[in-house]
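**Q** Sequence:
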Amino acid sequence: MPFQHIGYNRIKYISFIAVSSGIFWITIQVRKTRERLNGAFDSYIVHLIEPQNNKNDVVKIEFDAARWVKASNSDETFHQRIWRNVKFAYAKRLLHLTTAANKSLRWKATKYLARIKDLHNWQYSLLANECDSRTAIALARVEGVDSRYFVQPPGYGVICNQDYLVHILKDFLMHLENSSKHPCITNFISNSFADVQEMGKVFENYYDHTDHLAKCVKSTTDVLPLCLESILHHSTIERFAKDIVQQNGLYLLMEIYKTFKDVYEINVALCTILSNMSIYPDLLDEIHKSGWIGILSQWARVPDMRLSVVAGRALANLDKDDQYKAKYEKGIYSLHPVLRTDQQTKVDVVIVHGLLGGVFYTWRQRQNSDLTLSIIETITSDTYSKIKCSSDPVMREYLATLEEQKQMEWDSIGNDFEIISYDIPTNANSGCDCAFVCNGYSNVCCNDSKTTQCWPKDWLTKDCQNLRVIGINYDTSLSKWATTCPEEGSKVTLDERTNELINKLKRAGVGNRPIIWITHSMGGLLVKNLLCKAYNCHDTTDRFLRNTKAIVFYSTPHNGSRIANLNSPTSYVVLPSVEVQELREESPHLKRMHQEFLDIMTLLPVKVISFVETKSTVVTAMKFNFLMVKPESGNAGIGEYYEIPQDHLGICKPVNRESFLYQKVLHLVKEVVETT
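Going by this note's numbering, the sequence shown runs without a break in its numbering and finishes at 676.
These are calculated hints, taken from the structure and not from any lab test.
Fair warning: this is a prediction, and the values are worked out from it, not measured in the lab.
There may be inaccurate statements among the hints.
Unchecked claim - Cβ-Cβ distance ranges computed for the label pairs, FRET-style: (1) R546 to N121: 51 to 57 Å; (2) R36 to S179: 36 to 42 Å; (3) E596 to N248: 50 to 56 Å.
As the list claims (entries may be wrong) - Straight-line Cα separation of at most 25 Å, SDA-like style, residue types lysine to any residue; simulated pairs: (4) K111 to Q465; (5) K170 to R81; (6) K103 to R507; (7) K320 to T99; (8) K630 to G357; (9) K170 to I237; (10) K103 to F88; (11) K289 to E35; (12) K32 to L119; (13) K320 to L105; (14) K504 to L356; (15) K258 to Y124; (16) K289 to T345; (17) K111 to K258; (18) K92 to L356; (19) K320 to R148; (20) K450 to K504; (21) K117 to V166; (22) K117 to T33; (23) K330 to R306; (24) K32 to F88; (25) K330 to V263.
No residue lacks a Cβ here, since even glycine has one placed at the ideal position from N, Cα and C.
Based on the sequences and whatever the hints tell you, model everything.
**A** What follows is the structure, encoded as structure tokens:
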């Protein structure tokens, strides 16, 4: 009994000490948490947001801001509040794990952190401020992440006076001119603030892909978009891109964004500038602190690929944990995936456009307004048009039910039908081994109600998994006639373009896995020249040749084009002078390169498909019809060959996912993926 009595007393003392220590530890943690929460909001922002001439509004904003930081939702129950606090504590733990040494652990913690929803604004703000730049980039590339995870730009909500912004831009450009000695900047400053109309003419001589920004200027006194063009041109030269950051250009660009937030072309230009600077990983911290990562994350999710793909390129370049460890330089775009993915990539699909083309419009879907009606057209499109035209909720519900019923009927009987493909060839060689129909409507790729801007990006990746789609964009604008920037070497010959392309593709990680080349017009000549150079090299360049599994040619002039044989004034109307010389029919250089290509193909198991136009193309405003590539020149002399009743511009644009032009490529891609 005495022994038990002594044991009970000892247990009491130990329990008292444990409880007291626990209460003391909890008190300390509550005090630290309160201090951290109170320091999460800078009261200076309240005064910065609100003008000083209205005291009533200032008091109201301060009250709202304080409630935004500290107050809880009055409708929130005790259990909901506890659950939200548990999620917040879990989020903080995950945020700590995103800095772990193990790469897979960092990625897993980032994905789980992005899934946490319904936190308070102040909780997101606290997490954003504790997040480092590396984690912020990783979060920006996760699908479905909350935008409040990212640091807001300094002075968020404040819009500068445009006159003051013009003054700041002028000083900024003068500092750039002093640090870089760029002749284009010097010329711009001497002309920009004198005559806006003349300045627009000057810029037409400078830029090839940004001169459309001048059209956005409606007022002769609005020079901001033209100043932005100058900065954009400056950023395209790699050795000058860092100067923009060193002169605090990121914060100035943010002010331009806030001023012209609703002007889409301005957003594209800003995104392109950031994308050009993203090749320097040491600029990541500055880009993060200036608030651009959250905006890039939003841009990467917009439907228009002119903005989403460029923003995705910037995020991928800044991502130190990118799965491909690639660097996408100017003219190289990762069309898919734009964000991070857990999917294993087996094959790289590289698309290369032709003369006067571009990655953002060469591969778009052809409009079907000139097609005749058919049973497929009636079923797939008519219902969509009725739903869009009806505003009555009852009618919309009825049409939706009707569409569902029709779909069920086709699911039950569709396998008994054979759907004839669009764009059926009018001629083919003996190597043709394919059907021109799709068996079973349920097995045919369903056509989306929206047209695509790039079918390899949107269609191939849906119908075939484990692909990375790389888009090549090289400049072939007719403005090559005009004076170009002396700081930017113009690479216009086939060999010069090929050498530049090889170096950029190496840094993008192309060649590390099987490759499928999809080319149009001169893009096919670039790829053939690249493979010939890879065959003759004994360094890492030969990996392009070893991993090439298939090539698709859309109207590639293997033996040149007749249009280059026209009289000089006519040919210059269609093509720039350098390209005219290289594309002459029966050109010795093209014939020599093609024979070398055929010799290489006999040594390797590469599948080749050639599509050639049979319709004339309308060129220039004079409606001049001309067959750009004759069948004899478009026939590669190896693999499968098809003559398609389309012109030179439409040959690479399938009308829908049932088109022979697409289905043939899809079957080829699936075959390569399955055998990899």
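**Q** Which hint numbers doesn't this structure obey?
**A** Result: hints 5, 16, 17, 18, 20, 21 break, sorted rising.
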